[in-house]
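Novice: The lines below spell out each chain.
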Amino acid sequence: MIDPITGLGLVALMGALATIAGAAEDLESDVGSQSNPNSQVQLAAQMDFPHRIFNKAISGEPPAYGLWCAAGATVASVLLAQNMSVIFAIAIGSFVGAILLGLYSVTAHMGRTTSQKRFKQPIYMDMVIGHLPPIMGHGYIAVFCIVSFSYIMDHMLGHPFPLPLLAFLWGITAGAIGSSTGDVHYGAEREFQNQPFGSGLNAAQSGNIVRKAESGLRNGMDNVWACAKFGGPVTGLALGFTVFFDNWRSTVFSGMNAVIAGLIIVLILILANRLVEVQARKAYGPYKDEEGGTEA
Amino acid sequence: MIIDPITIALITLGGALIGLGVHFIPVGGAPAAMAQATGVGTGTVQLAAGAGLTGLISAGYMYNFLATSGSFTTSDLILVLASGAVGAMIMITVTMFIGQLVYVYCVGVPPVSAKVDKDPITGDIQDIYVSQGTEGHGVPTVSFVSGTIGGLFGGVGGSLVYVQLMEIGNTPADPAVVALAGIFATGVFYVNAVLASYNIGGTIEGFHDPKFKRVPKAIISCLIASLICAIIAVPIMGGVS
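In order, the protein sequence lines correspond to chains A and B.
Just so we're aligned, residue 1 is where the first sequence starts under our numbering, counting upward by one.
Just so we're aligned, residue 1 is where the second sequence starts under our numbering, counting upward by one.
One or more hints might be untrue.
[What the hints assert, rightly or not] Here are the simulated lysine to aspartate or glutamate pairs, EDC-like style, with alpha carbons at most 20 Å apart:
hint, chain 1, residue 1, chain 2, residue 2
1, B, Lys118, A, Glu214
2, A, Lys282, B, Asp127
3, A, Lys282, B, Asp117
[As the list claims (entries may be wrong)] Where chain A lies over chain B, by a calculated footprint (3+ residues, C-beta under 8 Å):
hint, region
4, 41-48
5, 95-107
6, 144-158
Just so you know, these hints were derived from the structure itself, not from any lab.
Note that CB positions come from ideal geometry on N, CA and C, so glycine has one too.
Make the full structure from the sequences, and use the hints.
Specialist: Here it is as structure tokens:
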């Protein structure tokens, strides 16, 4: 059993690593276009809007990140068993995870785009080559950080799960959070900047994504540049909060007190959500008046 | 050949709780990612699994702490289940809250439900806040509370499956047994989350959504599927005497 001060320091370090992991995870899914917003990228060509946006939805983000992280952590575990230094073992493991991500990205993009031949959507080889390093780079950072905080949890805080299983579970959680938070910035805002702001996406406009960039034609790099200003950082916050709060309560408190501390955190978040809701309703107002007519 | 029926029954119950919990979680799928539907912008299985498995990590930690320091009693079981539930609830509330911040401050839409005229919890009018061509957006209070309840059920269900599998071998410190129980619990979680998501059919706002009335069908399906999972899992974990 480690002393509480060291434990708290480790939990803080885990929170910091999770924050970086969450941000990198979301930005990887923006530059490569994965998860739900990619449905619009896929649809665009079918609606006669050919584009230069990377189109890879290998699977849902949670299983995808579960796979990269589990692969990375498995390699790291094997190397650790051979007495390799921790940093090198995790770095090499994460590199393997990033290579897997790169392989799947190319096959997913090419497979999806060739299936759209009848809609005259070309495969731009320069785009494939240009997008691959940022996809793998962001993926590497995410996998490295997730495997690292899983290692801290496993080897230093005494979690019973083996490192690959822990990294697998945290990878699923990271993917679920990235898909639920930061991707909304990409899907609801960045992809549809040609629509009036503050009204959501009218279903009639589905597939009509923005295809022109600040300069030239828009691609995944332009999307990640914008999403790095809000979607990425808040995703990092979400994963960081989850990892930090969940481990903080079980480090500082024990037994039923840890459960009560967790319930208090949940209650505070419910109230905070209500405050945001009230503020949003007040700031934006209704779309129609009380009788059902449309307001200006 | 004897298989403990209580273990089988509790694993089956855990699976049914997972299936029930998924129905509470407000997910809007791909439309919600475009602020076209109320709920979190991801798939049912994805979010439920993310929350439930975070709960499993918490429950695993608590179980290890209690089981290795002496005999594992019923009050210990309750503590492990509570720990799993709170872990899942923290993940889902943090995700919904940060998702809400994106909807409000980035997309610029107020949280609103399109399935009810008034929020059953706050009493706020809903329909006039629904933007044209959408089926709501964001996570209103009723959906937020529903999601929290979903996290609770999912966390308890996943933890119950894990604890029952661990109790079979009664070797809480054996990493191979821990890994096997952990991955089986994850598998049972996915089986039930996918079954429930077929029942939901893409999007659900929470317990106030008319689709929530389909819950009994999902419970029956989850009971059957979890029973089969349990019958396979228990002998593999060494539960045949």
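Novice: What hints, given by number in increasing order, does this structure fail?
Specialist: Per hint list: single violation, 1.
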